[in-house]
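Please arrange chain B on chain L, whose structure you already have, making use of the hints.
Protein chains: 2
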Amino acid sequence: MTAPISTLDALDSEIVLKSVDDALADFLAVKNSATAQPHLPYLSGLVRDFLSGGKRIRPLLCATGWRAMGGGDDDEPMIQIAACLEMFHAFALIHDDVMDNSDTRRGRSTIHRTMAAHRATSRGAEEADWFGVSAAVLLGDLTLTWSDELLHQAGLTPGQLAAVLPLLAEMRTELMLGQYLDLHATGELTADVDATLNVYRYKTAKYTIERPLHIGAAMAGAGPEAMAAFTAYALPLGEAFQLRDDLLGVYGDPLITGKSRMDDLRAGKNTALTALALSAADGEQTARLRRLLGDPLLDEEGAETVRGIFEATRARDGVERMIDDRRREALRALDRAPFTADTVNTLEQITRMAIVRDS
Amino acid sequence: MTAPISTLDALDSEIVLKSVDDALADFLAVKNSATAQPHLPYLSGLVRDFLSGGKRIRPLLCATGWRAMGGGDDDEPMIQIAACLEMFHAFALIHDDVMDNSDTRRGRSTIHRTMAAHRATSRGAEEADWFGVSAAVLLGDLTLTWSDELLHQAGLTPGQLAAVLPLLAEMRTELMLGQYLDLHATGELTADVDATLNVYRYKTAKYTIERPLHIGAAMAGAGPEAMAAFTAYALPLGEAFQLRDDLLGVYGDPLITGKSRMDDLRAGKNTALTALALSAADGEQTARLRRLLGDPLLDEEGAETVRGIFEATRARDGVERMIDDRRREALRALDRAPFTADTVNTLEQITRMAIVRDS
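Chains L and B, in that order, are what the protein sequence lines are.
Going by our numbering, the first sequence opens with residue 10, and the numbers climb by one from there.
Going by our numbering, the second sequence opens with residue 10, and the numbers climb by one from there.
Hints were generated in silico from the structure; no laboratory data involved.
Hints may be right or wrong, so weigh each one.
Identical copies look the same in the list; a pair holds intra-copy or inter-copy alike.
What the hints assert, rightly or not - In silico DMTMM-like links for lysine to aspartate or glutamate, alpha-carbon gap of 25 Å or less:
(1) Lys27 with Glu329
(2) Lys40 with Glu179
(3) Lys64 with Asp84
(4) Lys40 with Glu310
(5) Lys40 with Glu183
(6) Lys40 with Glu313
(7) Lys64 with Glu23
(8) Lys27 with Glu293
(9) Lys27 with Asp58
Only chain L is shown next, with the shape it has when bound in the complex (with noise of 0.2 Å):
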């Protein structure tokens, strides 16, 4: 994702970006070199190191709320927020991992394994096993608390705080909820494609495009005209991305989306791709997917077997032309929102790096 992030001039996206490393790498270092509290310098080193792969489209997207809505004289309190939601999505994406149960995140041990790993114990593997299940809930909860350090320290002023406050709240709860919904649904599998996409806009869509778009457009005075032109944008591009991500699940390369295209399927997660296969399976297909999907042993001859009827069903097309309705309908948000040429053009690029990609 870093090529086309370069080409949004209208946002100095790389100066963005470089601004929220340093910004998490500087909170980091003051944590890491607290050696009186014992631990502190490998957890910190932990969460440094998760944090080294991550796309950072929530910072863009606060970065490009901030300068729609004209901010801009001291981008540093907006900084700190773009900071402080990437800190809490490496929370949400270390709980999520133990959740889900999954190896690899980002190409590397998810944080559990890697915990469990470096367990030194005479116990045996189950206990480094749950070990790192139990540090790595821990350390995302330290995760979560980091991220409500940089809010508190990024300077803003009382009428930023209390613009800002409710939307985060509103993010968070969303966000578990989001997962709980997702939880909740896995392993009964579902033919019903609006039950999946409801679930996709508090998971995905409001938390990942509409929130930190409005969080950064409040900081810099956004008033309720901005915010539902970029709800009307963020909706159908969030759903969009979330659709993009439940392809690269199944049919992306490991190598490139840093993460195991075999955990959704092993987890028997509902997908947008699993609802509309089964709306158009035959009865032995049906029945095949209800054997395959959620079954925890599952190899890649089975997993070419699901991706074969997806493909006959032709539920992969289907999910591609979900994007693509959805893709139109956020640029059609755009033509009607109250924004400057140079906003629209970034929301445009975004767009396409958020539903043209293969990580």
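Leaving out everything else, chain B in the frame of chain L:
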């Protein structure tokens, strides 16, 4: 703990605790009525039930710190912060119970067990258990987020906010580091009592006693001398509180403590009790302790053997002596503290409540 609290006349403790309960109930009622967000009423109901069994020691200490420094014109922001501390504690316990694999808390099923039991699934008990763990991690996350919302809705002045935020951040990091220290040490039994007490300092003394006093006091504008006096009182008392917890975890009546007295033994927790026993045990006792402690299938007979060794090595008596030493140290700190007679009286009563208790 209800009866002794009612004797704290200087603090109007019943009024304080009723107000904190009301603040928590009001906050959750809003979440509970948010019917547009699926599952939110269910999740907030779980948190409400979980909160109902708490001892409220942190809110009480927060109010004590506030009153001691002359706070009192408008209690409402302090009550909200006290509620925020209690909500944070609910988060900490929900995740702690997951990590410790505990079945009961506050006389009821732990959250992960409850959510596993609520899981209607065709995929078997193992899937339901993992659902319970994942859902409890999420519910804990949500509860932590809600404790932030209580903070931000508390109506603190900018000066109060600036005083409280760093203390809250410290408190959170200290707890998580203490939990990590504890986790890290579990499974490798030690005879090093000082190492165990170091964990207690973070996990309990600072988190449970010192920081709640500091936070209440900071809201009322306490200076460094008063803060140091609270610390001198809080750290020995907090260690004593944890030492009492250790004894209750092994000798307490589960019907009164509300939690199993097998969990610590089965987990192989390092406590002052185990460290004292190991440092005094002969070869045969050491071998038996190392075989029994940390055995996840330990039965009541094995637990009785362990308890017998704790008594034979005088470890149980030793812990009682350590509690008494710390009780006297806390009270001596009060003699030197710049507090009014009312405050000293309240803190003396809190000392008794923290140490002489059966739950």
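Hints, one by one, checked against the model:
1. In this homomeric assembly, Lys27 and Glu329 never come within 25 Å of each other (Cα to Cα): the closest approach is 33 Å inside a single copy and 56 Å across copies.
2. For the identical chains of this complex, Lys40 and Glu179 are inter-copy neighbours only, at 12 Å across copies versus 28 Å inside a copy, given an alpha-carbon limit of 25 Å.
3. When the C-alpha separation of Lys64 and Asp84 is checked against a cutoff of 25 Å, the pair qualifies only within one copy, where the shortest distance is 20 Å, while the shortest distance between copies is 45 Å.
4. Taking CA atoms no more than 25 Å apart as the test, Lys40 paired with Glu310 passes in neither setting, with 46 Å inside one copy and 46 Å between copies.
5. In this assembly of identical chains, Lys40 and Glu183 lie within 25 Å of each other by CA distance solely across copies; the values are 12 Å between and 29 Å within a copy.
6. For the homomeric pair Lys40 and Glu313, neither the shortest alpha-carbon distance inside one copy (46 Å) nor that between copies (44 Å) is at most 25 Å.
7. Only within a single protomer do Lys64 and Glu23 lie at most 25 Å apart by alpha-carbon distance; the minimum there is 12 Å, versus 52 Å between protomers.
8. For the homomeric pair Lys27 and Glu293, neither the shortest alpha-carbon distance inside one copy (52 Å) nor that between copies (61 Å) is at most 25 Å.
9. Taking the shortest alpha-carbon separations for Lys27 and Asp58, only the intra-copy value of 16 Å comes in at or below 25 Å, while the best inter-copy value is 46 Å.
Hint compliance for this structure: hints 1, 4, 6 and 8 are broken, all remaining hints hold.
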